[in-house]
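4 protein chains.
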Amino acid sequence: MKVGIIGASGYGGLELVRLLHTHPEVESVELFTSSEEGTVYSHKYTHLYNIMDQPLRRINAEEMSSLDVVFSSAPAGVASTLLPPLIGKGPRIIDLSGDFRLKDEELYRNWYQKDPAPGKYLQESVYGLTEWNRSAIEKATLIANPGCYPTAVLLSLLPLLRDQLIDGSQLIIDAKSGVSGAGNTPSQMTHFSETNENISIYKVNKHQHIPEIEQGFQLFAKEQSPITFSTHLVPMTRGIIATSYARLEDGVSQEKLIECLTETYNESPFVRIIPASQKFGTKQVSGSNYCDIQVYADSRTNRVTVVSVIDNLVKGAAGQAIQNMNVQFGLKETTGLTQVPAFI
Amino acid sequence: MKVGIIGASGYGGLELVRLLHTHPEVESVELFTSSEEGTVYSHKYTHLYNIMDQPLRRINAEEMSSLDVVFSSAPAGVASTLLPPLIGKGPRIIDLSGDFRLKDEELYRNWYQKDPAPGKYLQESVYGLTEWNRSAIEKATLIANPGCYPTAVLLSLLPLLRDQLIDGSQLIIDAKSGVSGAGNTPSQMTHFSETNENISIYKVNKHQHIPEIEQGFQLFAKEQSPITFSTHLVPMTRGIIATSYARLEDGVSQEKLIECLTETYNESPFVRIIPASQKFGTKQVSGSNYCDIQVYADSRTNRVTVVSVIDNLVKGAAGQAIQNMNVQFGLKETTGLTQVPAFI
Amino acid sequence: MKVGIIGASGYGGLELVRLLHTHPEVESVELFTSSEEGTVYSHKYTHLYNIMDQPLRRINAEEMSSLDVVFSSAPAGVASTLLPPLIGKGPRIIDLSGDFRLKDEELYRNWYQKDPAPGKYLQESVYGLTEWNRSAIEKATLIANPGCYPTAVLLSLLPLLRDQLIDGSQLIIDAKSGVSGAGNTPSQMTHFSETNENISIYKVNKHQHIPEIEQGFQLFAKEQSPITFSTHLVPMTRGIIATSYARLEDGVSQEKLIECLTETYNESPFVRIIPASQKFGTKQVSGSNYCDIQVYADSRTNRVTVVSVIDNLVKGAAGQAIQNMNVQFGLKETTGLTQVPAFI
Amino acid sequence: MKVGIIGASGYGGLELVRLLHTHPEVESVELFTSSEEGTVYSHKYTHLYNIMDQPLRRINAEEMSSLDVVFSSAPAGVASTLLPPLIGKGPRIIDLSGDFRLKDEELYRNWYQKDPAPGKYLQESVYGLTEWNRSAIEKATLIANPGCYPTAVLLSLLPLLRDQLIDGSQLIIDAKSGVSGAGNTPSQMTHFSETNENISIYKVNKHQHIPEIEQGFQLFAKEQSPITFSTHLVPMTRGIIATSYARLEDGVSQEKLIECLTETYNESPFVRIIPASQKFGTKQVSGSNYCDIQVYADSRTNRVTVVSVIDNLVKGAAGQAIQNMNVQFGLKETTGLTQVPAFI
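Protein chains in written order, with my numbering: chain A, 29 to 372; chain B, 29 to 372; chain C, 29 to 372; chain D, 29 to 372.
Errors might be hidden in some of the hints.
Said to hold, decoys possible - Simulated pairs of lysine-lysine, BS3-like, Cα-Cα distance not exceeding 30 angstroms:
hint	chain 1	residue 1	chain 2	residue 2
1	C	Lys72	B	Lys307
2	D	Lys231	D	Lys250
3	B	Lys231	A	Lys231
4	A	Lys360	D	Lys30
5	C	Lys231	C	Lys142
6	C	Lys72	A	Lys142
7	B	Lys234	B	Lys142
8	B	Lys117	A	Lys307
9	D	Lys250	D	Lys234
10	C	Lys284	D	Lys234
11	D	Lys142	C	Lys307
Calculated directly from the structure, the hints in this document are not laboratory data.
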């Protein structure tokens, strides 16, 4: 397979490069840019010395038409204009931005404070939450790869909501992310001296992943209620932990919850249901495509705490994108994604 | 004032030493131990070289009787047996462990899995949440200094519960702490290579601070409902952030919440109400005795997110203990506690 | 005393604010700026809420003339033009930049790649390495406060060079610093995701502190040889460790080295000579004005390893500046600088 | 190939598991222990859930005889007694401890303060510095895999010493390591709250890697002089940077140094010579088997600064061990070791 990456300078692009380099079915990886044409990639990122020494090429629909698949990690608001000229011209498109995820243009406008992509493409795009949308993904021309937070939240809560084991009308989701989620552009928020030794809360009730999660609940579990969702910045590079709280429906036990999750993900190699007795943290999935889930039913309060962890750059971005590519091209879902988590 | 510290080898003790050294009314600080008699303190902790070079002394009620106040940072289960012989023998006692906080012996037994302190002392002890208990603290012989999490949670939620602005029956509290809260004994949970770059969840529905918070809600706000409370370990040394979620009572606005908090803490120099437009993280209180609070009412969900940050070793332990000492001895509450937060 | 700070938005300025706030002889602190007039300081830095809520004022020689002392933490290349109008107009000036440190204009031009300050001021300024220059500091109108690296290096090596216990012609100095030394302007070099979990080397043979250290060796120890000096960026916020290597002169023992250091700093409360048997790291001085020194003579190689640690923002910047102010105004050198290191 | 690992609970063992899992020529990995028989590996290390769920087996020469290769990451002092019964019984042995590295028993006794392995095995063992010892490694029954620091130091200095471009009699080597080098046993030195935000120096002039480096210099470059070598603990998990200083021999230029290194490693895919203009830090090799080298000749001092970085757990341990296995079994040296560094 011949692969192209748009926006390779960002962290999503970097992670695609890392993972695709050892993907056994990928024959070549070309890097494309709208603004840094000619830059030698390994001069910008020394760790790729001897690995990716080619210059970045200008985006060009014609030249890219012979590629099998193009990943885009251009930022939101940019992907919506960069990608349409490429759609339907040959390669499958997998977009890592938020531009093609929300079906409702007004929602996008309100939460992103930008102009939405043309409605035609919003309807055509397929939401790439692999474990829940495989058959649509197989045929998709344009995949809207899910956001990092939505991936962690949806995978852990959807089975319980669909089976009506928890009360969807009172969902509280408290999420925490490593700093790489903020991308590679320096800012005060990502300045080491102010971020290190500091956990902070940000974008309370304003995060653009709120409508994406709610849309996912509607789409896959018919749950319509608004959620409360908070995000925290943690002094570490990679990883997301999402801690969700819900009222248990009558008579639902810990065993019932585990059974629901286990059965749902029986055929999904990247979702692991971890017993409540085990330690549970983001590092257990670091560098890998796993999403680990743990649940704790509490009879004292009749509530459940559902916890999930992912590597935001892998299962929350580049890894899931490659997983979707595997599905599209009829490969085994784990192809090129068998990295063991680097716990240390 | 002559001050003694029991358990000076632990982090609570170390922080007392740090803060008392520059307290203008403290004349001397003596260090006591039950197990390391004779150890020169600065040989164990090089940072105290030339500052605290005395050997640790054996705990002895008679010799300690001339002290004005004794702080104990002996661990839970130990304080309950070490301290009774000293109570009423002269010095005021301020205990940083959990042993004298819960009035109900059975609650202690269930949550701590240890034998409780004698009931007589449990009844006699005064819960040292300074801002809410000043008059009792003034006269107290034995102060049970609050836990780190309960301090952050109670200070931020009590005003809103007492004034019935939020629904106490559905409280969800998601707390995150730096690693120093786990003390100075090495373990796998505090081993650098496994804790760094890792946010993890622990003691779900089992944390001994749950009954302490619930007792505080009952005592100061007449709220009886059980809470859901989770704790996470964050890869940083100091700091706690507690993110709490509640249903807003009818017609309660952001302004109303701010007004309630501002009025409650009008005379409390260590509690700052921070506008929702400001950045908010643990580092803004690092090394200081402040508890900062921020609220976000959300009309979309009719819920409120209440966030508070403290330095777990200062306002969550040694600082609040000294604040209580100041109250007991008729000093200005801020005496010796005017450290500016070390944001960088 | 009435104090002014120029460049309070930077980290040197922030640290001056932190330390001066609890200095018992400082009556007021005014903040001055050349570019952010009117900005409320605590809106920029939330941790100063209720502590420093005044707006920044425009630099104005006349209005500043009633101040006793003005600290400047304007950057190199800026201080040289901002400060001359203030010199001799009333307040003592203590400059934290490198602009008045090097006596030789050509050296400045070569190493800083900027225009030097007027020669008149270069000659007039006094190098504020407190422990080695007290009598000149007392009378100085303009103090060039030493750089962070030179402070750590000079304090540890000067005694041994002056007493000819080590061979100055073969000095190798390997220094490592926390990221706060790079200031508060975001850049790729200080971007959390690329700095965290990464120790890197930078400015090899090009660091502007090289001529400053060599000038210090000439000035205080008559040593003329060029040094080899490297700097590394360590994933932590505060702290410098300087590890220096030298050939031992004939017959010099560990005891002799310790004796030389101990006697040199006998009357210097901020320099601690730590026995070789003790643990030794930057955190033992964190937040304090200490410079700790350790030496290891090695008979196998006939070389010595000299190690020193400081908090780069305190002894390496704001703390030493205040120490110099204390000397200038006849105060006890430790006034306002008695903070105990925050080891945890 | 069938592979066994002894001491899989340690970090060397964990990293072998991580890397061997995706090695295309490895058919099975069995885990052996002397003390934790029956423990299910993934219960101890949650990140291996669904990946390595087998129980640890007791070490048994007979049962292990059908394996092709056995890696041991048992600690020094243990490997010397555990391994001899297995040597020559079938599998090739690759030992990651220091027990078979030093040819001189007295050196081992002095630096390790333990009893050496039987002399017979010390003579038989082959030092596994792959790039310098390939032909001996191919035939070796017992490989002594190099230490982490010696790998970084030897690879960067050997070419320059062998070609007499630098003066070997005055070598100063200042090394810095992440905390994972200290293994998985909790201690005060690896306790998060004391290690975080702290760079410290340790084992000055006493590190057991000193004689190993000196032996390597003798063996591969005929250099006999003692070195000065210091080690620092850096608040990060993985990575080593070794900064070495030497006098340049007459007339040696930067170009000459680069040429020597480039030619030496022309056929060595894991050693990259990085231009002096590029950023250089440990993270550029994180998770990979690369050793990156940079040199800076300084005409002002006539000295050179040579810097190298490795991932201490990969090229400094498990990765180099697998590289040696590849050489032994006639595989391409990069087989299973093509991981791209995880710069973020």
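Taking only the CA atoms, is the gap from Lys284 of chain C to Lys234 of chain D under or equal to 30 angstroms? Answer holds: Lys284 of chain C to Lys234 of chain D is near 21 angstroms, not above 30 angstroms.
Holds or violated: Lys72 of chain C with Lys142 of chain A, Cα cutoff 30 angstroms? Holds: Lys72 of chain C and Lys142 of chain A sit about 27 angstroms apart, inside 30 angstroms.
Taking 30 angstroms as the top limit, are the C-alpha atoms of Lys142 of chain D and Lys307 of chain C close enough? 23 angstroms, holds
For the pair we were handed, Lys231 of chain D and Lys250 of chain D, check the Cα-Cα distance against 30 angstroms. 27 angstroms, holds
Just to be careful, I want the Cα atoms of Lys250 of chain D and Lys234 of chain D compared with a cutoff of 30 angstroms; is the pair within it? 23 angstroms, holds
Hinted pair, alpha-carbon criterion (30 angstroms max): Lys231 of chain C, Lys142 of chain C. Please report holds or violated. Distance of about 17 angstroms is within 30 angstroms: holds.
Is Lys360 of chain A close enough to Lys30 of chain D, meaning Cα to Cα at most 30 angstroms? 25 angstroms, holds
Going straight from one Cα to the other, do Lys117 of chain B and Lys307 of chain A come out at no more than 30 angstroms? Violated. Lys117 of chain B to Lys307 of chain A sits at ~45 angstroms, over the 30 angstroms cutoff.
For Lys234 of chain B and Lys142 of chain B, compute the direct alpha-carbon distance and say whether it is at most 30 angstroms. Roughly 14 angstroms between the alpha carbons, so the hint for Lys234 of chain B and Lys142 of chain B holds.
Could you grab the alpha-carbon distance between Lys231 of chain B and Lys231 of chain A and see if it respects the 30 angstroms cut-off? 28 angstroms, holds
For Lys72 of chain C and Lys307 of chain B, compute the direct alpha-carbon distance and say whether it is at most 30 angstroms. Roughly 9 angstroms between the alpha carbons, so the hint for Lys72 of chain C and Lys307 of chain B holds.
When the structure is compared with the earlier hints, a violation turns up for hint 8 alone.
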